[in-house]
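**Student:** Here are the chains, one letter per residue:
Number of protein chains: 2
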Amino acid sequence: MRWLRYSLKGETGYGILSDEDTITVVRGDPLGKYETTATRLQLQDVTIEVPIVPPTFYCVGLNYVKHISTEGLTIPKKPDVGYRANNALIAHGQDVIMPADATRIHYEGELVVVIGKKAKNISVGEVKDCIFGYTIGNDVSERNWQASDRTFWRAKNTDTFKPMGPWICTDAQIATMQTVVSVNGEQSTRFDTADMLFGIEEFISTMSRYLTLYPGDMVWMGTDGHSPNLQPGDRVDVSLTGLGTLSNRFIKEALT
Amino acid sequence: MRWLRYSLKGETGYGILSDEDTITVVRGDPLGKYETTATRLQLQDVTIEVPIVPPTFYCVGLNYVKHISTEGLTIPKKPDVGYRANNALIAHGQDVIMPADATRIHYEGELVVVIGKKAKNISVGEVKDCIFGYTIGNDVSERNWQASDRTFWRAKNTDTFKPMGPWICTDAQIATMQTVVSVNGEQSTRFDTADMLFGIEEFISTMSRYLTLYPGDMVWMGTDGHSPNLQPGDRVDVSLTGLGTLSNRFIKEALT
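Going down the list, the sequences are from chains A and B. For the first sequence, the residue numbers in the UniProt record's numbering are 1 to 256. For the second sequence, the residue numbers in the UniProt record's numbering are 1 to 256.
Among the hints, erroneous ones may be present.
Said to hold, decoys possible - Heads up, simulated PhoX-like pairs for lysine-lysine below, C-alpha to C-alpha not over 20 Å straight-line: (1) A:Lys77 with A:Lys66; (2) A:Lys120 with B:Lys120; (3) B:Lys33 with B:Lys118; (4) B:Lys128 with B:Lys118; (5) A:Lys128 with A:Lys117; (6) A:Lys252 with B:Lys120.
Read the hints as simulated data drawn from the structure, not as lab findings. Just so you know, these numbers come straight off a predicted model, no measurement behind them.
Looking at chain A on its own, in the form it has when it is part of the complex (with noise of 0.2 Å):
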């Protein structure tokens, strides 16, 4: 099952997307309790929202072994997590807007686990339970702040820096599952989705031994390969296997 958040005329709602890309207008909250209602919308006709601003956004740093050589950095022992801001979400089809002062940003095609339930102190085997489902986010980063400054606020939470959507899929192969993205229609990187150091079950389960997650929570599970220098104008499509395509454009600031 699909969920998208939309926005049409002004309003902001849910609704469930069928493989004809109609919408089935849903009231209520789809983490909690909601019903379906007869209103039906093409998608063609709204505007694609961020699918949950959530309450925790936490982002895998370094979990896949290719991307963390390439960047010449260290190979984690264990699963710590780290975090991202609220501010930089965009949705699919909004522009990534570099700043005038960035020189060196890079994409970072990610798989998104969204939480659906209250869960502390859960075992490998119940991580299951607790995931809603699955999106694609973009977790773009500017590489010459990332080595300057003390912490990740600019290089990585700048506004529109972090892309995520176009939906949320309930379902996923994650064991078979591409990641692909490319640069104005172009492959530029593909990696397996599974080949990550510390799988979605350790990392959750271990986070679960001292955090509560909250139903909305996201946990962005880090990138393979490396990304060119973007250019403004340039478009960035993020591909996973059965969950979508998540596009945005890259343009430059334009200083007032």
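Using the hints, position chain B against chain A.
**Tutor:** Here is chain B on its own, set in the frame of chain A:
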């Protein structure tokens, strides 16, 4: 003016607290449109809640010279903000749960700035106009995990590690403010709140160059001095002149 978020008989609301500890119940949003009602409550009759759960939870890591040198860290050259996580927030009067495997837990008494207006690209002089008020935070930290982990996820974001409150004051005399932390009623740390490496105006103006601040966002401003290793049963009071006292007991996790 003091803004309180409270709960009573399963309902949560906002109120304005008088000097006599009477709450004038408010309808609406303190950060938006609201109106006072004729309902009055007594502070002693309600449960104090976390004043606001922030859309983005910022925290300034190293901002007082004595603390930085005591902890053996390097003095930052510029204001790079960090983050904390909402799962860890608890209110005044709630207990901090010390995980069974935590061995070196410290307090950090901090001034908290609450954003009141959407702000992007603002000058140092414009910062005060986007501040709603001030409250108190205790940036509880497990120092061994802070040293051993790649991120601060459990060292600073374990459930209950972020006491905040008890209320938000819309006025504050920061130039003459003192931060005083007491353990079991005995003063343990005292410093001038304004003795920051980078002040509120410089931090928020710098952040706003790259990110949009939203109403309810919190910026914890860092701490000075050094904490003893806290023990189960300790009560930590963080008092900031004119803002009040944030008080929490520390208890050991009960393993089942």
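**Student:** Could you run down the list of hints and mark each one as holding or not?
**Tutor:** Hints, one by one, checked against the model:
1. A:Lys77 with A:Lys66: Holds, at about 16 Å.
2. A:Lys120 with B:Lys120: Roughly 37 Å separates the two Cα atoms, so the pair is violated.
3. B:Lys33 with B:Lys118: holds (15 Å)
4. B:Lys128 with B:Lys118: holds (12 Å)
5. A:Lys128 with A:Lys117: holds (10 Å)
6. A:Lys252 with B:Lys120: At roughly 17 Å apart (the allowed maximum being 20 Å), lysine 120 (chain B) and lysine 252 (chain A) satisfy the hint.
Of the numbered hints listed earlier, the single one contradicted by the structure is hint 2.
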